[in-house]
Amino acid sequence: MTQERPNPDELLRTVKEEERRSRRGKLTIFFGAAAGVGKTYAMLEAARDELEQEKRDVVVGIIETHGRYDTGALLLGLPILPRKRIPYRNIVLEELDLDAALARRPAVLLVDELAHTNAEGLRHAKRWQDVEELLEAGIDVYSTLNVQHIESLNDVVAQITGVIVRETVPDSVVEEATEVHLVDLPPDQLLERLREGKVYLGAQAARAAENFFRKGNLIALRELALRQTAERVDADMRVWKAAHGIDRTWATTERLLVGLSPSPASSQLVRAARRMAGSLHATWIAVYVETPASIRLSADERAQLAQNLRLAQQLGAETVTLTGENAAEETVRYARKRNVSKIVVGKPTHPRWRDLFGPSFLDIIVRSSGDADVYVISGEARAKPSVARAKPPIRPGGRRAYVATVFIIATATWISWELFGWDQLADVVMVLLLGIVIVAMRFGYGPSLLAAVLGVLSFDFFFVPPYFTFAVTDLRHILTFAIMFLVAIVISSLTQRIRAQADGARERENRTASLYAMSRELGAAASADALYEAAVRHIADVFDCKVAILTPLSSGELAPVGGGELAFLPGEKEMGVASWAFTHDRAAGLSTDTLPSASAIYIPLRAGKTQVGALGILPTDPRHFIDANQGQLLSTFAGQLATAIERVTLSEAAQRALVQIETEQLRNSLLSSVSHDLRTPLAVITGSAATLTEPGLDEPTRAELLATIQEEGHRLNRLVRNLLDMTRLQAGALHVKKEWQDIEEVIGSALTRVEDRLGTRAVETHLAPGLPMAPFDSILIEQVLINLLENALKYTPDGTTIEISARAVDGAIEVSVSDRGPGVPPADAEKVFEKFYRAGAGEGRGGVGLGLTICRGVITAHGGRLWVDARPGGGAAFRFTIPLDGPPPKVRVDEEPVSAEGATA
Amino acid sequence: MSEPLPLVLVVEDEAQMRRFICVSLTNHEYRVIEAERGQLALDLATSHNPDLVLLDLGLPDMDGLTVTQALRSWMRAPIIVISARGQEDDKIRALDAGADDYVTKPFSMGELLARMRVALRHSAERGSDGGTSTITIADLRIDLVARLVFVGEDEIHLTPNEYKLLVVLARNAGKVLTHQQLLREVWGPNHANDTQYLRVYMGQLRHKLEKIPAQPRYLVTEPGVGYRLREE
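Chains A and B, in that order, give the protein sequences.
Per this note's numbering, residue 1 is the first one in the first sequence, and the count goes up by one each step.
Per this note's numbering, residue 906 is the first one in the second sequence, and the count goes up by one each step.
Honestly, the hints are just simulated from the structure, not real lab data.
Glycine included, C-beta positions come from ideal geometry on N, C-alpha and C.
Take these hints with a grain of salt, some might be off.
Unchecked claim - Computed list of lysine-lysine pairs in DSS-like fashion (alpha-carbon distance at most 27 angstroms, straight line):
#1 A/890 with B/1010
#2 B/1010 with A/84
#3 A/55 with B/1069
As the list claims (entries may be wrong) - If you only want the chain A side, here are some residues facing chain B, beta carbon under 7 angstroms, derived:
#4 320
#5 323
#6 687
#7 742
#8 744
#9 745
#10 751
#11 765
#12 779
#13 782
Said to hold, decoys possible - These stretches of chain B come out as covered by chain A in the derived footprint (C-beta under 8 angstroms, 3 or more residues):
#14 1105-1117
#15 1123-1132
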């Protein structure tokens, strides 16, 4: 008989394949300076190599041949994935079918043009995001890229070629690529190919020759591509050195800081900083300082700022938003705090005369930069026109503000006229200025301007000779006018600024307060439901939206939790978006790059390393939704929520674990107790029975033995009953069937049951008259009474009285079973109800100590309380309450008694 | 010619239990036939026509309710069911289906014998066209003709429904009557589920008839099942 052992090589191969499959896929980029150098061709050649030599499963995802014959020829023999067809207006666009590729799971997938923008409706906005997903799924990808598509080189290329390329790929994608093959072609040869029609055909070729494909451009681009590749090789070299323990010649303690602004030129700065950071191998920080002036940013400016921040993030910066009075000072302060070695700013764009009024941003930076170097990058005015400065927001009131202004100035004039007249001009000026200040305080820029003008005119008209004309005889008064006007402007602009600051501070305070309020409520939430409700309420309030909280079920699928009118239920498609966000740990949906056509944004909730769910935000007004600040705040809220959910989940798990431990403990103590307490009566029974078989026993002895057997049998019965009840109680299997009934009945039946064991003890019952019915389970409560009575019997001597009473208390009935026994010492008043507690010396052998515990369990299950009081005069009184949940059902009772005459047979 | 001893069919699957019941019954002058399965019980009942059936509800092959219904479909002899603790629902269903009384394991033979006596007496009385005009149980006396109720020397005034209720219990004195049975008898089949009525009226009866309502001498409550008018 041979035993087949698995082939170890086989095993190893399988394991390796599994490992490889679970790893991230490798990205190989075929990189070139311009279109037509032969990237796609090279990629296809490499692919065919893989297929034929290495025998790997190579599939074509999407390839653009652009009608070039030789490229097309290489496609023969390679399996091609059908493209996804997207109807768009009256044409049909063809895109990479990502889901089909994921399902097909080839070893290598060819995806041409990494920088391509996907058509609308696809999961990702960009093809490189599709590739990311493929890589994450463990599929190796070959792709092509031109140097102009690299994000950080975007403006450099624009400078060279004059063409702004919109399709870009973040540097991180290229950096993380496993291999970058440079496909190099000297510009002359490329131009030759263009002429031969091997790059573009017909009209396209002619256009290309004129614009992009000028020799100067091609040379510069080639240099750029070569340099990029060289840098990469350098990086590889360094990694190799480090891996082999060869000393690094410098430590990367360089840190860069670049200042952001809402202008489009800022993005150039960001890219330049990225390049610098890249070559210095430094970390870099992108900083935006929120000043009082930021309140007055227009929506477009805010969007541009958000875009700039996102760009910086994408390119690998740490983004920070600071608040402060002065942008430059705040920036420098932060730079110093973070030990920044190089600060990157843009060249000043304001006119020279502004410098007269104080140091410019650049001045402050340069002067207070201390040890840090300052790099001033030039940013030429781009093709994009700068966005028109938004009008400052008009205060609520609008036209009414202007009317009020006129009114106030008029009043000020009148007061001056009455009080001062023509002699005390200084006081007049003061009063008018006061009027202007009042306007500035209450209203906005426009009205204060109007107030200043009106003030001056009024002064001129009423108080300056020649009176009641606008002419001026003494030219010195012109100076007065000018100064008045100036002061007015200064005061009003100062007031505006203060108000803007106050508004800014208030808004920040609101944000912080709302975050704090939510954290506090989340922290205090005792249950998951309370948590969800609190979170939904806060988030909906702060972001003016509807909220959905989704947590994973045991199957891994997401399901919405919580509810209420502020929550929304995502539809099936939306759930797909949410699942994607959850699985990939990236925000998806509205205003993101992934599935932006969704109606809500879904943010993954992650606490530390665990994914706890996803948060869906459905804004009431999608247009005025996420700007940079909101985005940060939202992720902070999400973080809080995630932590809170984790906490609640963990505490629930901990509680379950605790219950399990307790159950285990109970089971153990039960087992040990049971074995002793069951064996003893059993031993007596078997022993007595055995003795009975012995010959020569006299009648009284036999009778005694037989009685003992009976007695022990009853005892065993009680024991077993108690044990079973206890087990049911612990297992939560106690079903309380409540019915409205009189406590009198159960008292009666319980007494009947213990009748024969009363001996010479007397039983007194005192039930309050008119005792209402109560809802309870008669069998269970009878058991409670029996247990209490048995206890009383056990611990009280013969001849004493046992009393049972019942009375109505507020919202319940209270029943007492009292005896004249030794009583329960106050120290043990709670202990008696514990499992297996037995009082010291009881009459005869006690039970297993569960009777009172069971009683308490039953009463608690009814919603009542059970406790023991000491009786004055000795003895114990066990009292329990049964709550009356509501009024008993009405029963119509007939009043008429039966009379002998009126009776019919 | 002496009357033959009453024949009891004991249906119980536990052999030891069957043993001691049969021994005890024989001692108390009953004739006994045994069955340990429901099907056998039905066959024996058909062939031997017992005067009383003792039926254990925990039979392995058929459930007690089915046996009760089957027996009741043609047999008028009393059926006493033996139930275990926790089998309340089965017990009540069996009683509603026609069983006359019950005992709960572990029971005392004394109790069982007492119930058997009651059951047999009622069965005999039923045969003999109940022409009693008075029912007397200890101090309680009910004059069925004049519709008067006395406890000792005192006349007790009852409302029509209370009277009806008392009479039903008295006519079945010693036997347990389920809530449903009582409701049907007194208030009619439409009210079979109005347990509230029953409780209220029983309460009133207790307070009118019993010296200490909380320690009733006559009107005993069987928790979860129904009521019984105690004889001895």
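> Against which earlier hints does the structure fall short, listed by number upward?
Replying inline: As far as the earlier hints go, 1, 2, 3, 4, 5 and 6 are violated by this structure, in ascending order.
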